[in-house]
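There are 2 protein chains.
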Amino acid sequence: MTREKLRIGLFGYGCVGQGLHDVLNSSKGFKADIVKICVKDHRKKRRIDMSNFTYDKDEILNDPSINLVVELIDDADEAFRIVTTAMKNGKNVVTANKMMVAKHFKELVEMQGKYKVSLLYEASAGASIPIIRNLEEYYDNELLHSLRGILNGTTNYILTKMYNEGIPYAEALKEAQEKGFAESDPTLDVDGWDAKFKLCIITGHAYGLFLNPDEVFHYGIRAISKFDIQYAKEKGFKIKLVPYVGKTNENTITSFVLPRFISADKYLYNVDNEYNGVITEAAFADKQFFSGKGAGGHATGSAVLSDISANSYGYRYEYKKFQQGTVSNYTRNHKLEVYLRYKDEKDRELFGFEEVSEYFSGKFFKYVIGVINLERLYALREQLGQMDVFIVNTGRKTDPPTPPSEG
Amino acid sequence: MTREKLRIGLFGYGCVGQGLHDVLNSSKGFKADIVKICVKDHRKKRRIDMSNFTYDKDEILNDPSINLVVELIDDADEAFRIVTTAMKNGKNVVTANKMMVAKHFKELVEMQGKYKVSLLYEASAGASIPIIRNLEEYYDNELLHSLRGILNGTTNYILTKMYNEGIPYAEALKEAQEKGFAESDPTLDVDGWDAKFKLCIITGHAYGLFLNPDEVFHYGIRAISKFDIQYAKEKGFKIKLVPYVGKTNENTITSFVLPRFISADKYLYNVDNEYNGVITEAAFADKQFFSGKGAGGHATGSAVLSDISANSYGYRYEYKKFQQGTVSNYTRNHKLEVYLRYKDEKDRELFGFEEVSEYFSGKFFKYVIGVINLERLYALREQLGQMDVFIVNTGRKTDPPTPPSEG
Chain P
0 MTREKLRIGL FGYGCVGQGL HDVLNSSKGF KADIVKICVK DHRKKRRIDM SNFTYDKDEI
60 LNDPSINLVV ELIDDADEAF RIVTTAMKNG KNVVTANKMM VAKHFKELVE MQGKYKVSLL
120 YEASAGASIP IIRNLEEYYD NELLHSLRGI LNGTTNYILT KMYNEGIPYA EALKEAQEKG
180 FAESDPTLDV DGWDAKFKLC IITGHAYGLF LNPDEVFHYG IRAISKFDIQ YAKEKGFKIK
240 LVPYVGKTNE NTITSFVLPR FISADKYLYN VDNEYNGVIT EAAFADKQFF SGKGAGGHAT
300 GSAVLSDISA NSYGYRYEYK KFQQGTVSNY TRNHKLEVYL RYKDEKDREL FGFEEVSEYF
360 SGKFFKYVIG VINLERLYAL REQLGQMDVF IVNTGRKTDP PTPPSEG
Chain X
0 MTREKLRIGL FGYGCVGQGL HDVLNSSKGF KADIVKICVK DHRKKRRIDM SNFTYDKDEI
60 LNDPSINLVV ELIDDADEAF RIVTTAMKNG KNVVTANKMM VAKHFKELVE MQGKYKVSLL
120 YEASAGASIP IIRNLEEYYD NELLHSLRGI LNGTTNYILT KMYNEGIPYA EALKEAQEKG
180 FAESDPTLDV DGWDAKFKLC IITGHAYGLF LNPDEVFHYG IRAISKFDIQ YAKEKGFKIK
240 LVPYVGKTNE NTITSFVLPR FISADKYLYN VDNEYNGVIT EAAFADKQFF SGKGAGGHAT
300 GSAVLSDISA NSYGYRYEYK KFQQGTVSNY TRNHKLEVYL RYKDEKDREL FGFEEVSEYF
360 SGKFFKYVIG VINLERLYAL REQLGQMDVF IVNTGRKTDP PTPPSEG
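From first to last, the protein sequence lines are chains P and X.
Using numbering that gives the first Met the number 0, read the first sequence as starting at 0 and increasing by one per residue.
Using numbering that gives the first Met the number 0, read the second sequence as starting at 0 and increasing by one per residue.
No wet-lab data here; the hints were simulated from the structure.
Ideal Cβ placement from N, Cα and C applies to all residues, glycine included.
There is no bait here: all hints are sound.
Each computed DSSO-like pair below joins lysine-lysine, with the alpha-carbon atoms no more than 30 Å apart:
#1 P/K286 x X/K173
#2 P/K234 x X/K232
#3 X/K234 x P/K232
#4 X/K319 x P/K115
#5 X/K115 x P/K319
#6 X/K105 x X/K39
#7 X/K319 x P/K30
#8 X/K4 x P/K115
#9 P/K30 x X/K286
#10 X/K113 x P/K30
#11 X/K232 x P/K265
#12 X/K30 x P/K115
#13 P/K319 x X/K319
#14 X/K225 x P/K265
#15 P/K113 x X/K30
#16 P/K105 x X/K30
#17 P/K4 x X/K115
#18 X/K234 x P/K265
#19 X/K105 x P/K30
#20 P/K319 x P/K102
#21 X/K4 x P/K113
#22 X/K115 x P/K30
#23 X/K265 x P/K232
Between beta-carbon pairs, the in silico distance windows are:
#24 X/N328 x P/E177: 37 to 47 Å
#25 X/F359 x P/D32: 58 to 68 Å
#26 P/S327 x X/C14: 32 to 42 Å
So these bits of chain X aren't anywhere near chain P, every CB distance computed over 10 Å:
#27 G13
#28 R42
#29 K43
#30 R46
#31 F52
#32 D55
#33 K56
#34 H103
#35 K113
#36 G179
#37 Q229
#38 R340
#39 F352
#40 F359
Just chain P, with the same shape it has in the complex:
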């Protein structure tokens, strides 16, 4: 197979852009020219010569000598304009922008066919962990029961801090912000949006459904209190933010993002700080676990480089599960056992517990453990932020039709 000579136009020179530059410069096996780097901020001092930069995106998008656009900017709307224009202009694209891919997934898949170009985005989910490529290539013919994991480094860093050092959420968040693991507006991370976007991308390659992220329930860690950590510790659990997607029957899947109790004998228990981890359960390969750094310029940059390299070999996603079309339905009619910490009985009633296995009432907080329906959680999604509650998936099996893999 012959390798195409790559002339790259790069958008963005932040943490990941610079990480990519480092990785590319150190790579022995592979040379690609970064012809031009498009950035936004005229005043920012850059660590390489200013002749490398432009402030005009058309200098890259309209340059016929550039055959690959690498998009690493923050702004998802602008990223979408850049990526789609590049594709229309016949350029292949590599991106790490999960929000952009998740929000326009179907359109971006169709455009690849229409304009006969390749769009790769391995770095958009799980950073250094090659999960998308493995789902696309390796689990091609496997009956995948479910996939779950830790996909957001920011919340995992905060939860690790809270657990290890007994500090409150606000303090752990502040530390994460100071260390550059959290944005000044942490909403996307701590409320579970980021994990959801990644989950939706994974779902496209795991099951062939390109879901609208608005259809998927997400809940983050903003409301976690010391009582929740205390409860978890007493029971031998850690709390992790765990996106889940899995089959409810032959042709139907469900998915959601929820905090989850993790016991010490589980793979995810030792996935701490900015690390990510993914567990797949499949009919024949059985349980598999991948773990690696989920954040940081170099880890993400190495995933971007892997896409750039694959591109030079002519690689493109085939969307094999979509082609197969085995899974055609998405449902939120799915039972979950959850821990609900709350204050007000009126709040609890809203959740419509179908079964209750434990109930506790104390001076500082109350909790209930029981079975609820995901559909109900979804219906409450706008109100949850206003209630003094915290929800954790126990991960325990409910009655069928929950698949065995949810155990």
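Start from chain P and add chain X according to the hints.
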């Protein structure tokens, strides 16, 4: 990309062959015809109709309508004859035979080029874990410091039994044999041959060197005693059989198979029973961990199916690291800190300890912990089986030039 219609000739219908048959029958996304199955034993009753079988290998090898040979027999020499004849006849081949691939690695790589056919063998190392494909595709441009892991399910099952139930080696081995995890002659597994063959295959894709397995030091678990387990438990370790390959400098690698102490905070600690696990350490992606079932018909069959499917898309290994040629030297001049349990001081002297950090002498056994050279271990390889000793890699750093990844 168009998919080629596959007409498969299958060699072997044991555990993995039947596993593959199950996996193939359950796969929704992919149809391939098994045209004929070649087996050896005329008298054995088969679970499917006898019209599927032949005892004459030429019925497959000389059938021009068969475009893929899947080789899943035990006998490495016969496997080599089948695989090379198939390749010469222009057929693509999928195999799970690690001994065959490791012993003839270079020749098999050259034949793929010469006869323009593809040979895939993902199932030969780590069974269900897609390690070869990831090394080939994903770590293509990464500066890989090292790779280590648990690659032999039989020894891991035995070590898990001994640790959890306090039973002696002979009893654990017997149980493994009864459960089908160990052969009646367990030599290949318990003496570390199997792990070494897998390590050599991995080395080809991780660093581009096709080593003669005879050049690589291996040592197994046959000599382990209750004293070694007791020592490990007191220190909070488990003992695992861990093949290692890593850089000693820019263009040189070393490799070996040795038991290793694993502390509870390490990924490999929880890889028990027939599970396998692989840790990679790389310059930019940092530490990554893959785990999954390392044995069993269905787990191995699913890796074989993944190769069959990749084949239908025209996939072949590019041997990218070999093409890059960055690593050109192999050395055994490498310092290791080991635990040596022994009886006779004369035996100990043979190891030429360069530094000793601990020494213990008791009624039932003695041990010493110190630094030795891998070259010396290799020189002793024929005598080790006759000595009353057991060797465990502590995994602790020695002085440079050992790379930091060996820590």
